[in-house]
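Engineer: These are the residues of each chain, in order.
2 protein chains.
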Amino acid sequence: MEIVSTCSEMRKLVLDWRRNSNFSICLVPTMGCFHEGHLSLMRTAREKADRMVVSLYVNPTQFSPGEDLEQYPRNMRKDIHLAENEGVHCLFTPDSSEMYPDGFQTWVEVTKLSKGLCGKSRQDHFRGVATIVAKLFNIVQPDVAVFGQKDYQQLQIIRRMVEDLNISVEIVGYPIIREKDGLAMSSRNTYLSQEERKSAVCLWHAINRAHEMVAAGMDSCSELANHLREYIKTYPATRIDYIFIGDPDTLEKKETIEARTLLAMAVWVGKTRLIDNTILMGTSQN
Amino acid sequence: MEIVSTCSEMRKLVLDWRRNSNFSICLVPTMGCFHEGHLSLMRTAREKADRMVVSLYVNPTQFSPGEDLEQYPRNMRKDIHLAENEGVHCLFTPDSSEMYPDGFQTWVEVTKLSKGLCGKSRQDHFRGVATIVAKLFNIVQPDVAVFGQKDYQQLQIIRRMVEDLNISVEIVGYPIIREKDGLAMSSRNTYLSQEERKSAVCLWHAINRAHEMVAAGMDSCSELANHLREYIKTYPATRIDYIFIGDPDTLEKKETIEARTLLAMAVWVGKTRLIDNTILMGTSQN
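Sequence lines, in order, name chains A and B.
Going by my numbering, the first sequence opens with residue 1370, and the numbers climb by one from there.
Going by my numbering, the second sequence opens with residue 1370, and the numbers climb by one from there.
It cannot be assumed that every hint is accurate.
Since the list gives no way to pick one copy over another, a pair counts as held whenever it fits inside one copy or between any two copies.
Said to hold, decoys possible - Here are the computed lysine to any residue pairs in the SDA-like style, where the Cα-Cα straight-line distance is at most 20 Å:
| hint | residue 1 | residue 2 |
| --- | --- | --- |
| 1 | Lys1481 | Tyr1469 |
| 2 | Lys1640 | Arg1491 |
| 3 | Lys1567 | Asp1618 |
| 4 | Lys1567 | Gly1485 |
Keep in mind the hints are simulated off the structure, nothing from the lab.
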């Protein structure tokens, strides 16, 4: 596995792969501290192309002031080991002087899709995401890129950006990987205390409850949201950021749970903000 | 010469050129209604790469409300003829349903460089420019792109965008082409009445006057600007939008005219807004 830390080396490597061997390339953008979720993205990527690049960069511009940029877990040595085990061909680990040199001032913004859900509380978060992903696409020029569906809004934003800016890459979304008790895997789970870890499962339980209620005929988005709100409140140390039930493509709120309706949530458990989502299959024909 | 109007055809053509013939590609983005300025860009482009693509698209998102989007001169038949004569290999003429499909919402913004000069009066203009140029770069994937220096601020913004977003393209700026009396060539010159056409030369005369004054020892940006302001006012039907004297890279105002100082102007002549610029070579050592 090659470990590359500058954009020019990275570009040279992928150019060599293409020119000399006509290799196709798949990119998995990450912020490191790999867990089973990341590893499953890598396994998918491996099947999608001849060469797999994993980028590992804790992107400061997608953290709002006061967020956990400083504490965000980092474990490069372990990440290198794990990536190597998954057959990653190149780990791209730029630093911020490389990604945001002096005078940097260009931003990519996907306006409507970035407004609601996580965008409400995380100001400029998705502008940072769209910008760094656009940069990575230009540096690595992948044929395919794989993203986790846990960050559902992010995935939709990237899909939209790729279409709107005519970027020549296929975007693949990969299902959420969960702990045994259902908690969606996330680097931020390491923040949780033992007690908080018990409450953290509330998102998964709420998802199951939502599926059950919809199967039993519940078709009102606001009623379901209110119910889930009350339900999550019964877990100690939780504070709901949002519960969104609406259109999975436009991320607009809806009144009725139709076939394919997105349920997405962000819940604070202690000082840790957790997200999760699912697609509800309503029976309403509206 | 091929005439292509969809992104997918355009992409297929350049992919064929690259894969089958290993051709390098040069792009000249234009809004059509070709004059000698455009033609000289094409002649430069022809020398820079094996294949030359000229895009012809009057981009609505770079016009502010109330501007001249509707009146902007169009002459496709003549443009095709002129492009063919210059050895253009492909004329890319998309329409707006192709470039801005339903749901479009992704914007590229170069923040600081877009604020002053033309950005002050032309709200969102440079956001529209950066976005359409990013799209064209992704569609055509050129090795080189050629832009006129008449739109000096635009050129700086594109250079910055390319660097910030790691776009793999060489940007070439080409000097301003002028009419016999010095008026910078522009599609908008066709708007001028006979009387206005006489006043339009004020920008060029002001540029010459500035060079003379700097050569004679003038080293104050504000004094020079005031002088030029008074001078331009002596021409009938003129109204100054801005006179900028400052740093040619950051587009920040300066006090002293140092070696390499940008003079850029926008002047209304009747209902036509004209721009022009030059680099002053001050003798001050500050």
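Engineer: Hints first: check each against the structure and report whether it holds.
Structural biologist: How the hints compare with the structure:
| no. | hint | in the structure |
| --- | --- | --- |
| 1 | Lys1481 x Tyr1469 | between (25 Å within a copy, 15 Å between copies) |
| 2 | Lys1640 x Arg1491 | within (15 Å within a copy, 44 Å between copies) |
| 3 | Lys1567 x Asp1618 | neither (32 Å within a copy, 56 Å between copies) |
| 4 | Lys1567 x Gly1485 | neither (28 Å within a copy, 54 Å between copies) |
Violation of the numbered hints given earlier is confined to hints 3 and 4; the remaining hints are satisfied by the structure.
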